[in-house]
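With these hints in hand, go ahead and build the complete structure from the sequences.
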Amino acid sequence: TQLLEQSPQFLSIQEGENLTVYCNSSSVFSSLQWYRQEPGEGPVLLVTVVTGGEVKKLKRLTFQFGDARKDSSLHITAAQPGDTGLYLCAGGETSGSRLTFGEGTQLTVNP
Amino acid sequence: GAGVSQSPSNKVTEKGKDVELRCDPISGHTALYWYRQSLGQGLEFLIYFQGNSAPDKSGLPSDRFSAERTGGSVSTLTIQRTQQEDSAVYLCASSLRTGDQPQHFGDGTRLSIL
Numbered sequence: 002t003q004l005l006e007q008s009p010q011f012l013s014i015q016e017g018e019n020l021t022v023y024c025n026s027s028s029v030f031s032s033l034q035w036y037r038q039e040p041g042e043g044p045v046l047l048v049t050v051v052t053g054g055e056v057k058k059l060k061r062l063t064f065q066f067g068d069a070r071k072d073s074s075l076h077i078t079a080a081q082p083g084d085t086g087l088y089l090c091a092g093g094e095t096s097g098s099r100l101t102f103g104e105g106t107q108l109t110v111n112p
Numbered sequence: 045g046a047g048v049s050q051s052p053s054n055k056v057t058e059k060g061k062d063v064e065l066r067c068d069p070i071s072g073h074t075a076l077y078w079y080r081q082s083l084g085q086g087l088e089f090l091i092y093f094q095g096n097s098a099p100d101k102s103g104l105p106s107d108r109f110s111a112e113r114t115g116g117s118v119s120t121l122t123i124q125r126t127q128q129e130d131s132a133v134y135l136c137a138s139s140l141r142t143g144d145q146p147q148h149f150g151d152g153t154r155l156s157i158l
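Chains as they are written, first to last, in the working numbering: chain X, 2 to 112; chain D, 45 to 158.
Mixed in with the good hints there might be a few duds.
Sample of chain X residues lacking proximity to chain D, with all beta carbon distances greater than 10 angstroms (derived) [unchecked claim]:
(1) Gln15
(2) Gly17
(3) Glu18
(4) Tyr23
(5) Gly53
(6) Asp72
(7) His76
(8) Thr78
(9) Gly83
As a list, the in silico SDA-like pairs of lysine to any residue whose alpha-carbon atoms are at most 25 angstroms apart [unchecked claim]:
(10) X:Lys58 to D:Asp144
(11) D:Lys101 to X:Asn111
(12) X:Lys58 to D:Gln147
(13) X:Lys57 to D:Thr142
(14) D:Lys101 to D:Gly116
(15) X:Lys58 to D:His148
(16) D:Lys55 to X:Gln38
(17) X:Lys71 to D:Gln147
(18) X:Lys71 to D:Phe89
(19) X:Lys71 to D:Glu88
(20) X:Lys57 to X:Ser27
(21) X:Lys58 to X:Leu46
(22) X:Lys71 to X:Arg37
(23) X:Lys71 to D:Gln85
(24) D:Lys55 to X:Val45
(25) X:Lys60 to X:Thr49
(26) X:Lys71 to D:Gly103
(27) X:Lys60 to D:Gln147
(28) X:Lys58 to D:Gly143
(29) X:Lys57 to D:Gln147
(30) X:Lys60 to D:Asp144
(31) D:Lys101 to D:Ala132
(32) D:Lys61 to D:Arg154
(33) D:Lys55 to X:Gly41
(34) X:Lys57 to D:Gly143
(35) X:Lys57 to D:Arg141
(36) X:Lys58 to X:Asn111
(37) D:Lys61 to D:Ile157
(38) X:Lys58 to X:Val110
(39) X:Lys58 to D:Leu140
(40) D:Lys101 to X:Leu46
Calculated from the structure, these hints are not laboratory results.
From the three backbone atoms N, C-alpha and C, an ideal C-beta is built for every residue, glycine too.
So, in C-alpha cells, the structure goes:
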C-alpha cells in the first residue's frame, strides 16, 4: 500500500506570511495532484504535476514535484485569509487509476 | 447546474438499514469515482467507473458495499446492513476522459449511522 504523509497537519499564520506544505512518500508516483477543500464542499483540483523536478506556479502558489517523484511541496507567498482551507495531496499510480490521498494540511490565515 | 451533483446531502439512518447514495456527474464525463472521507482523515478510494470497461472495485471495504453506473451517467452507491464505522462523507468525482485523475468533486453525502 502506498502512503502519502503531509506536514504540517495544522498551520495557523498571519496574513502576508509565506508558508510551505510538504507531501512525502517512500513510493514513486506517476503524477501528483494538489486539492483544496473547504468545509461542507468537495475538494477542488489546484494542479497536477507529472514530471520529476517539475515546478508549476498558480498566482501566489508554487508547486514542485521531487526529482524522484516521491515527494512534493506547495509554497504560498503572502498568504491571504481566502487561502484558508484543507490542502490535500494525492498520488496517482497509473493513468486513470485510483489516487492515494494524504491526510491533509489544515491552513488558517488570520487577518 | 454544471457541476457534480450528489444526493442526499445528509443522511441519518439506524444501524442495520440499507442506504443508497446518488451521483450525477458532469454531462459527457466518462470517468466516475467514489471516495469516502472520515473525520480527520484523507480520502479513501472506493470504486472507479472507466467508460465501457469493467469498473475497478478494489477499494470497496466489504461485500456490503456495491455501486452501479447506469447508461454511463448517473451512479448509485449502495451500503447494505449499515454499521457505525460506515459513517463518513461519501464523495463522487468525474473526469472527462478515463485517463484523467478525478477533476471535479461533488460536495458529498454526509452519512451518519446511529
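Each hint tested on the structure:
{"no.": "1", "hint": "Gln15", "verdict": "25 angstroms, holds"}
{"no.": "2", "hint": "Gly17", "verdict": "29 angstroms, holds"}
{"no.": "3", "hint": "Glu18", "verdict": "25 angstroms, holds"}
{"no.": "4", "hint": "Tyr23", "verdict": "15 angstroms, holds"}
{"no.": "5", "hint": "Gly53", "verdict": "17 angstroms, holds"}
{"no.": "6", "hint": "Asp72", "verdict": "16 angstroms, holds"}
{"no.": "7", "hint": "His76", "verdict": "21 angstroms, holds"}
{"no.": "8", "hint": "Thr78", "verdict": "26 angstroms, holds"}
{"no.": "9", "hint": "Gly83", "verdict": "19 angstroms, holds"}
{"no.": "10", "hint": "X:Lys58 to D:Asp144", "verdict": "21 angstroms, holds"}
{"no.": "11", "hint": "D:Lys101 to X:Asn111", "verdict": "42 angstroms, violated"}
{"no.": "12", "hint": "X:Lys58 to D:Gln147", "verdict": "18 angstroms, holds"}
{"no.": "13", "hint": "X:Lys57 to D:Thr142", "verdict": "24 angstroms, holds"}
{"no.": "14", "hint": "D:Lys101 to D:Gly116", "verdict": "16 angstroms, holds"}
{"no.": "15", "hint": "X:Lys58 to D:His148", "verdict": "20 angstroms, holds"}
{"no.": "16", "hint": "D:Lys55 to X:Gln38", "verdict": "21 angstroms, holds"}
{"no.": "17", "hint": "X:Lys71 to D:Gln147", "verdict": "21 angstroms, holds"}
{"no.": "18", "hint": "X:Lys71 to D:Phe89", "verdict": "20 angstroms, holds"}
{"no.": "19", "hint": "X:Lys71 to D:Glu88", "verdict": "20 angstroms, holds"}
{"no.": "20", "hint": "X:Lys57 to X:Ser27", "verdict": "22 angstroms, holds"}
{"no.": "21", "hint": "X:Lys58 to X:Leu46", "verdict": "14 angstroms, holds"}
{"no.": "22", "hint": "X:Lys71 to X:Arg37", "verdict": "20 angstroms, holds"}
{"no.": "23", "hint": "X:Lys71 to D:Gln85", "verdict": "21 angstroms, holds"}
{"no.": "24", "hint": "D:Lys55 to X:Val45", "verdict": "23 angstroms, holds"}
{"no.": "25", "hint": "X:Lys60 to X:Thr49", "verdict": "15 angstroms, holds"}
{"no.": "26", "hint": "X:Lys71 to D:Gly103", "verdict": "22 angstroms, holds"}
{"no.": "27", "hint": "X:Lys60 to D:Gln147", "verdict": "20 angstroms, holds"}
{"no.": "28", "hint": "X:Lys58 to D:Gly143", "verdict": "24 angstroms, holds"}
{"no.": "29", "hint": "X:Lys57 to D:Gln147", "verdict": "17 angstroms, holds"}
{"no.": "30", "hint": "X:Lys60 to D:Asp144", "verdict": "24 angstroms, holds"}
{"no.": "31", "hint": "D:Lys101 to D:Ala132", "verdict": "19 angstroms, holds"}
{"no.": "32", "hint": "D:Lys61 to D:Arg154", "verdict": "16 angstroms, holds"}
{"no.": "33", "hint": "D:Lys55 to X:Gly41", "verdict": "14 angstroms, holds"}
{"no.": "34", "hint": "X:Lys57 to D:Gly143", "verdict": "21 angstroms, holds"}
{"no.": "35", "hint": "X:Lys57 to D:Arg141", "verdict": "23 angstroms, holds"}
{"no.": "36", "hint": "X:Lys58 to X:Asn111", "verdict": "23 angstroms, holds"}
{"no.": "37", "hint": "D:Lys61 to D:Ile157", "verdict": "9 angstroms, holds"}
{"no.": "38", "hint": "X:Lys58 to X:Val110", "verdict": "20 angstroms, holds"}
{"no.": "39", "hint": "X:Lys58 to D:Leu140", "verdict": "24 angstroms, holds"}
{"no.": "40", "hint": "D:Lys101 to X:Leu46", "verdict": "23 angstroms, holds"}
Hint violations for this structure: number 11 only, all remaining hints satisfied.
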